[in-house]
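Given chain H, put chain F in place with the hints provided.
There are 2 protein chains.
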Amino acid sequence: MVDTFIAADWGTTNRRLFLIEGGEVVRTEADGQGAAALAPADYPAEIAAIRDRMGDHPMLLAGMVGSSIGWQAVPYLPTPAGMDQIAGALHRMDDRTAIVPGLCHADPADVMRGEEVQLLGAHAAGLVPPDAWLCQPGTHCKWARLDGGRIARFSTTMTGELFSLLRTRSILASCMTDTVEDGPAFRAGVADGAARGIATALFGVRARALLNGAVDGGAFASGVLIGADVAPHAGPEPVHILADDRLGRLYAAAVSALGGSARLVDSRAAFVAGIIRLRELSA
Amino acid sequence: MVDTFIAADWGTTNRRLFLIEGGEVVRTEADGQGAAALAPADYPAEIAAIRDRMGDHPMLLAGMVGSSIGWQAVPYLPTPAGMDQIAGALHRMDDRTAIVPGLCHADPADVMRGEEVQLLGAHAAGLVPPDAWLCQPGTHCKWARLDGGRIARFSTTMTGELFSLLRTRSILASCMTDTVEDGPAFRAGVADGAARGIATALFGVRARALLNGAVDGGAFASGVLIGADVAPHAGPEPVHILADDRLGRLYAAAVSALGGSARLVDSRAAFVAGIIRLRELSA
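Protein chains in written order, with numbering that gives the first Met the number 0: chain H, 0 to 282; chain F, 0 to 282.
In case anyone wonders, no lab produced these hints; they're calculated from the structure.
Facing chain F, a subset of chain H residues (Cβ under 10 Å, in silico): (1) Y75; (2) A105; (3) T138; (4) T156; (5) L161; (6) L164; (7) S169; (8) I170; (9) R195; (10) G196; (11) A198; (12) A200; (13) R207; (14) L209; (15) L224.
Short derived list, chain F residues pointing at chain H, Cβ under 8 Å: (16) C103; (17) P107; (18) A108; (19) H139; (20) S154; (21) T156; (22) E160; (23) R168; (24) I170; (25) L201; (26) G203; (27) R207; (28) L224.
With beta-carbon atoms standing in for the labels, derived distance ranges: (29) T138/H with S163/F: 16 to 26 Å; (30) G182/H with Q71/F: 31 to 41 Å; (31) A44/H with S163/F: 36 to 46 Å; (32) A105/H with V214/F: 15 to 25 Å; (33) G31/H with D177/F: 30 to 40 Å.
From a predicted model like this one, the values you see are computed outputs, not experimental measurements. The beta carbon of each residue, even a glycine, is placed where N, CA and C say it ideally should be.
The shape of chain H in the complex, shown without the other chains (with noise of 0.2 Å):
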């Protein structure tokens, strides 16, 4: 019999559905009724409207929607975590409709919700090794370590924040209006992040502009956070990096700039091998 579901990615500010049949996604929906834009009380009449779109189907839903801001807090699961231990916390909200638990790291302190799916998804869908370094540039760009399959340890970045932050509110956004792509500017902000730090670098954006004349303060900035993020990462172990074409392909050449080797990995593929898994391994 053909196991038909629907998984959503439901994050702060973007929701995704996937109608799933037979391990193939035959419908997609993408909008932005994400958790920022519902109150706890929106979800029941929110989940009964997809169904009606997309069939009467058993649900699964990963990311902010398991969130304080979401419908209902979930609590974290501890690292170590793979598919098994996952798919062994799912939160019920009635015997059809499940939330994915997102994970915590006790020390240094984090915390994922929605991440988790793709990160053992890439490795379910063989994208990547069972032990790997795995990264997922964004607004809270997370970092994690595979062991044996499952999650040993993460940490996030605050690099998409922090870069949005500076274009749109500091001393250097009048600096930044270029467009961010790989180039002199870019590379030498991966340099100079990787070598001094965050802090230290980005007034590079200003002086280079007061002393040189320079107008690509955004791809530098954005170099310089980029590669202060890419830095301790650099060596002989490849990073495998989720993200979609444009962000993934700068990480990937910070990484190799700075002398470490980048692959690139289908983040969508990746998510729903991930709740595939789930969904088989909790039926």
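Chain F only, in chain H's frame:
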């Protein structure tokens, strides 16, 4: 004959005026008429009004008054630079009114305007040795290396501005409402910022609140930023800190916590000694 002149520490936001007679400050003023509040055409009337209030004396103006947002953009003087070089490069607006040039460092690119008077003044006043590391915490923290009484090189860290952005505009803001003071949370931040860098350690503000119910995120974040700032300088050589009392003690605590030694220097006395020395060399 007793020399009398008016010194201005004319920053972006604030302006401090000193009437100096025979090497002694006999009157001061401070207000919000910084460079950001004035157009270039406003300065002649401002200068005349100051002389109306403080006496018809020669004036020596330091800081952002000499920038592109001030009265007139005065070219930066390159490092290495001491009092002699700066006194020789004063920019005379008329025969009794001069602007002190800022300094630039070529590689890595960096700039300062106003801080040079305080840095070199600290040495002129005998408050720091001729070969020393000096630190001026603030919105844009300056670190300067004195060699033989001259500024050999310097760098700027955006520590204060990053703290302000994070406390007011970031996802961490709601966890940063506590008063920043030296204590366990600040010290934990110092250790983590030094060990893991800003972008990673800062997310601990949120994770500590979510996992442990921590309500000291402001102190922790301040520790992270200051810890990362001082870490490269927490060695056997003392750091001389020029700052207001509160910020100076936080920086000193962070230097000590990371195994270095810090000495607090009276920043107002340093500025006054510096501007008097420049007056002596240029009169």
